[in-house]
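Dock chain B against the given chain A, drawing on the hints supplied.
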Amino acid sequence: MIEVKDLHKSFGDAHILKGITTSFEKGKTNLIIGQSGSGKTVFLKCLLGLFEYEEGSISYDGKIFNNLSADDRRELRADIGMVFQGSALFDSMTIAENVMFPLRMFTKQSKSEMEDRVNVVLNRVNLPDAHHKKPSEASGGMQKRVAIARAIVNRPKYLFCDEPNSGLDPKTAIVIDNLIQEITDEFNITTVINSHDMNSVMEIGEKIVFLKDGLKAWEGSNETIFKTDNEVVTDFVYSSNLFKKVRKMYIEENQ
Amino acid sequence: MIYLQNIGTYFIMIKDIFRRPTKWSVMKPLILKDIDDLIIGSLGIVAFISFFVGGVVAIQTALNMTNPMMPKYLVGFATRQSIILEFAPTFISIIMAGKMGSFITSSIGTMRVTEQIDALEVMGINAINYLVFPKFIALILYPFIISIAMFLGILGGLIACVYGGYGSMEDYIEGLQTEFIPFHFVYAFLKTFVFAFLLATIPSFYGYFMKGGALEVGKASTTSFVWTSVMIILVNFLLTSLLLG
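Note that the protein sequences, when read in sequence, are chains A and B.
For the first sequence, the numbering used here gives the first residue as 1, with consecutive numbering after it.
For the second sequence, the numbering used here gives the first residue as 1, with consecutive numbering after it.
These are computed hints drawn from the structure, not numbers from a lab.
There are no misleading hints in this set.
A few chain B residues facing chain A, derived, Cβ under 10 Å:
#1 Ser-25
#2 Thr-110
#3 Met-111
#4 Ile-117
Each residue gets a CB set at the ideal place from its N, CA and C atoms; glycine is no exception.
Chain B extracted, bound-state conformation:
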């Protein structure tokens, strides 16, 4: 029963994000701050993980190609497919559910605990719009992070492949170009937009509606990470079935 209630409350919150908008002069700096915190602040970790995971994917593929009949360009091909279709949009989004999600839940949750949200409501401000809308807008730029993850993942694979002695640069690039299907990018970025929506709203929900004190802020962050990850995986399965199945 509590799950049904939470789902209902979540959708009412989604509606409230767009009701009674805050003045643009107040909202603009909030959006810029959230772009800085959520997007720019995530670039370092995304770049680091993407580059090295791309390298690992290339090495693993090369090490598992034991049959001499298999073409050398398969390393580049497999790395490209893994990175573009799953690693960059899905795996990075799950990492971001931890990084961005816990930041969003704990910052909104702390505002709840310290009565800052009550202060907004007493002033007659739509607190959900004030707090969640800037995050929603900031995460429209989330595909930018995923593009960088794709590029650095493939670059990491190239460097690991060439400098690790697993294949030549020509073979790797040939693999990148082999059977390239542009729709895979459409699929990847469509997923990314849906994940961005989940990343902005589910952690906000758990922060906004939390009850209790500092301990509960920690619990809410954990719960928010779990449910954001679960929803990303379920939606990923659904979208893959619909778009590629």
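Pulled out of the complex, with its shape left as it was, chain A reads as follows:
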């Protein structure tokens, strides 16, 4: 479980996060949603320790990140898997080398053990024959699956995903969402996803934190988000014409 208490982050005079308190539960897919500029990416980068924050605390299963020694932080980072928005695969390596990279860095496994683990993980993300391809030869959906494979290869306790569906067609986006959901359940990890894709919210949002202007405006689940009266949330959720029509039909049906 990841607990966040009164988190503040500024860049110069710009106060981006204005005191966020929330928690992300183990074994669940937790979504951070909100409009562009609401502070989602800054929040995620604070959670990952890529940004230092001025006030508040973030704890991973009771360990407060800022109180950890450099060695303990490194140990904690080995338990974190991250899927970046642009996949962030290493161009100079093949897909298998990309997936093997965390094992080479953090374990003392033999080459054959690492290769076995890479095979298992690439099979898990449905890429059994992609070992020797370079990332540039893979499609956007394949790159995302490789990024997920790299993130889970070292059996992390926490999985972070920054807009895992961006740039993907709706069908591939659902495949990626389902894959993340299955991996979360299978490995019982704490998954935090930064997204503004309403399909993801509906599909896998077991816990949803809605940010607006650097503040937590609402939190709940995919079951409660469509029933909320919170105007800020409904403005966001029903901003697309498709969802507006769905809502209209829903209201008409229930009248």
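Relative to the frame of chain A, chain B by itself:
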């Protein structure tokens, strides 16, 4: 103020190159790859430029020796001095600031833009050590490039001088041997090591700390070339004053 901040950040980066080293089994192939990209990959252009510039130096010297009292061996002497003292270490280093420097800045900068550096940092890897240390080690072999530049520059001068009809081979070789001061080699290679350090670290700095997108990668490469060249020229002046002045 921004310059002072950049200088401070640069020196912190230098310290970080040697902190929390990456596992040797991971680092070794990175070093070999950088030796291939930076050293072996530069040999062709260095050989081509050195050979022809050596030839031009010899021809220019011969054409400007209008006084019949001047000994013929001066062509070899002047070519040797120009090549060893300045052309090979300094001029080649400025060319390498363009070739190697833009390669280093753009490759690290692209990794920054595509979040590959963030991926390293999230994994708890010292990204500066991982990215810059192999380049630093690869450029320890930089004097090898400069030795080849010296040899081919002098050879180019010899061929231009003899086959261009500007002097005999004996005169040229006599010029090469006249008033030879071994310390000039020490001076040239000392400069080369310092330039190698600048070539590895300044472009890395501009790549690592760049912000923005693809356009900024191009801008960072240009800025890196300008500042690496400026630093090479300033350090060259300083070292020449200290060692030969």
